[in-house]
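Colleague: The chain contents come next:
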Amino acid sequence: MPEFLLDGRSVPFEPGQTVMEAAIAAGIYIPHLCWHPAFEPHGSCKLCTVDIDGRPASACTRPAEAGMQVTSGSEALRRLRLRLTQMLFVEGNHFCPSCEKSGDCELQAMGYYLGMTDNHYPHFYPRRELDASHPDILLDRDRCIFCELCVRASRKEGKSVFALAGRGPQTRLVINSPSGRLGDSELDAGDEAAGICPVGAIVRRNTAYRVPIGQRRYDLAGIDEESLARERPLLGRADGPTED
Amino acid sequence: MTEQRYRHLEQASGKTGLRRVAIDPLTRVEGHGKVTLLLDEENRVQQARLHIVEFRGFEKFIQGRPYWEVPVLVQRLCGICPVSHLLAGAKAIDDLMGATGIPPTAEKLRRLLHYGQVLQSHALHFFHLASPDLLFGPESQPALRNVMAELEGERSREIALMGIRLRRFGQEVIRHIIGKRIHGTGPLPGGMNRHLDREAGRELQEELPQVLAWAGQGVDLARRLILADPGEHRRFATVPSLFLALTGPNGAHELYDGLLRVRDEKGGLLYDGLEPRRYREYLREQVKRWSYMKFPYLSHLGPELGWYRVGPLARLNVCDHFGTEQAERQRRRFFELMGPPPVQATLAYHWARMIEILHCAERIEELLRDEDLYRGELLCETSRGEEGVGVIEAPRGVLIHHYRVDEQGLVTGANLIVSTTHNNTAMNESLRQVAAEYLDGREFDELLLNRIEMAIRAYDPCLSCATHAIGKMPLELVLEAPDGSERGRLLRHADGTVVQG
Ligand code: SF4
Ligand code: FES
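These protein sequences, in sequence, are chains X and Z. What the first sequence shows, in the numbering used here, is residues 84 to 327, in sequence order. What the second sequence shows, in the numbering used here, is residues -19 to 481, in sequence order.
Watch out, some of these pointers could steer you wrong.
[Stated by the list, open to error] Some, not all, of what chain X presents toward chain Z, calculated at C-beta under 10 Å:
id, residue
1, Pro180
2, Glu183
3, Gly186
4, Leu213
5, Leu221
6, Asn289
7, Tyr292
8, Val294
9, Ile296
10, Asp302
Quick caveat, the hints were computed from the structure, so don't treat them as lab data. Glycine is no exception: its CB is placed at the ideal position from the N, C-alpha and C atoms.
So here's chain X without its partners, still in its complex pose:
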């Protein structure tokens, strides 16, 4: 099998695999938020930025090549990822103290993983609409990080309930329904799209705070360990590009 070097370790890969897939398969964590093993990579959050032969690249989109020299674990990259995470925090309205997703949120866990202790940037305090029209699901746009996982999941399910609209600070998650509200869309509580949000933007009703502190996902393991344990077995599930 061909190999590349990741932080000094040789990582074997199958042709066609990305750097991210090969690393995860080899049990090496590379930080990521918008990548999910079951979907085509999206390449938007840039948390997976690594150094490949002296140049920055997204590990989730870059195909692995034999002999490349990849650095992921450097202090410079940690700092870069920290700044990106801080930007995600200030761009939305994330009130971890009362958020029901606290302890189970990938953005929060990433903050801990990267040693985030402040926001660094001034808050945007955007005004975003809450959608509580669905009987089983709440959409709290304040917490959306625009990873498009729900978009990709719903498309794969043949419903295409979600999409991103607008650009830059005006980006927002929109709903495919006559009224533009979730309650009038085809989304069902059992859909993968309803359960995939890495943060607390799409949550199921009647589940808030059910898991006691101490037993929540990231109480039990850091995001690196948890990600490897959960995502490694799912590798190879992505089934071809889901074209826009």
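With chain X fixed as given, assemble chain Z with the ligands onto it according to the hints.
Modeller: Just chain Z with the ligands now, with coordinates in the frame of chain X:
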């Protein structure tokens, strides 16, 4: 019914030539507040007011949030008694969700949680904030009047450590139930999210003999300190009033759930068995221009006569008995030594607080032996309504949470009446009493001013909890010339209208 005897000091007749003295910030209370005094040339007090200077806005920013977030969000009102807000919020949401049959396991867990809360908050207040005044005397050097000085003194060190350890125990109880010492999660609509871990239960049980011993010593200490100068301590900051508190079945002392009672000045029951969720039928709140904090009163008596006091002293005065042996013995002793209920001495709040610590420790002991904590149903069926009220006895007294939601479950309105707010008139009246009786005509210095703080401190006010009323907040802007004469005034009324006054 109960006149405010020092009411004339709320507003000086004219301000020309008066000197202003401010105690800002008030020390050894939770949150920020200040006191202002206006004095004439002979140092006679013409006006004395307690002001709340910070402002929060929880009632506003929970609007539009889903109802299930409410308890977890509003507990952030306070870092001292967050559990009381968590539980008052949870009870309001239960009411909203038609959760009438909370399983015994969940109710007992919540009670245990709240006993831990009251115990730790009382310990914090008595040992860390109030006891330096009582141990070293109100006019002792300021450098001495704090818990750090207590830790250094040979005699006081043991007392300070006892306080710290008692508080720690209360916080451990909390942590084992909601996962964190402050701001955890646990209550859900219709119940709780976990049982008590058996190992945790055993750990806490092991500490209990010591905790009960400390609590007993705490009561003795408070009694000794108050009785050291009985005449003076009965008189200081004392303002005869009505008392309001929850009681349990047969008039038992109650901290979690029950019906409201009011005891009058003569010792009779003015009201008994009031449904807390119908509080709007008998409680109103008055707004005054000079304070962010509202002034609640019993509506049928009106704001002048219908004011009352809440908190540990009110609970002792209002109940007929404690359900636990040692606290009941101490309650009887309290009334033997202080006279029949209602005891009006404001400093007796401290003593009452210590008896409640003992009671909480006894209740915790009882509950930890209860199998229900470790197994059984945690949740009951819920439906969905539009409005819910939750009332609890927070460490500082009656705490009311009231929410309305729309058909999607988003909060459309909230009203919170926190314990410290109930005591607003009383604190002002006590402050005016001290100003009139102790300061009037004397030369002012820091030591004398500490007496003012002591009067307010007795109520253990939590000023951060009490400053949540956005939008209803009246504001007054006064332009004064250097000689104190008034040049102009701008008023914003409670309804938001602004007028030139
Ligand atoms: S709602 Fe969640 S899953 Fe969808 S784009 Fe936003 S953060 Fe991603
Ligand atoms: S994980 Fe690669 S860009 Fe988001």
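Colleague: Indicate, hint by hint, whether the structure satisfies it.
Modeller: Hints, verified against the model:
Taken as an interface hint, Pro180 of chain X checks out: its beta carbon lies about 6 Å from the nearest beta carbon of chain Z, inside 10 Å. The interface hint given for Glu183 of chain X holds, since its Cβ lies 7 Å from the closest Cβ of chain Z, which is under the 10 Å cut-off. At about 9 Å, the closest approach between the beta carbon of Gly186 of chain X and any beta carbon in chain Z falls short of 10 Å, and the interface hint on this residue holds. Nearest Cβ of chain Z to the Cβ of Leu213 of chain X: about 6 Å, under the 10 Å cut. The hint holds.
Taken as an interface hint, Leu221 of chain X checks out: its beta carbon lies about 6 Å from the nearest beta carbon of chain Z, inside 10 Å. With a cut of 10 Å, the hint placing Asn289 of chain X at the interface with chain Z holds, because the nearest CB-to-CB distance is about 8 Å. Taken as an interface hint, Tyr292 of chain X checks out: its beta carbon lies about 4 Å from the nearest beta carbon of chain Z, inside 10 Å. Hint status for Val294 of chain X relative to chain Z: holds, with the closest Cβ pair at about 7 Å, below 10 Å.
Taken as an interface hint, Ile296 of chain X checks out: its beta carbon lies about 3 Å from the nearest beta carbon of chain Z, inside 10 Å. Here the hint on Asp302 of chain X is kept, as its CB sits about 8 Å from the closest CB of chain Z, short of 10 Å.
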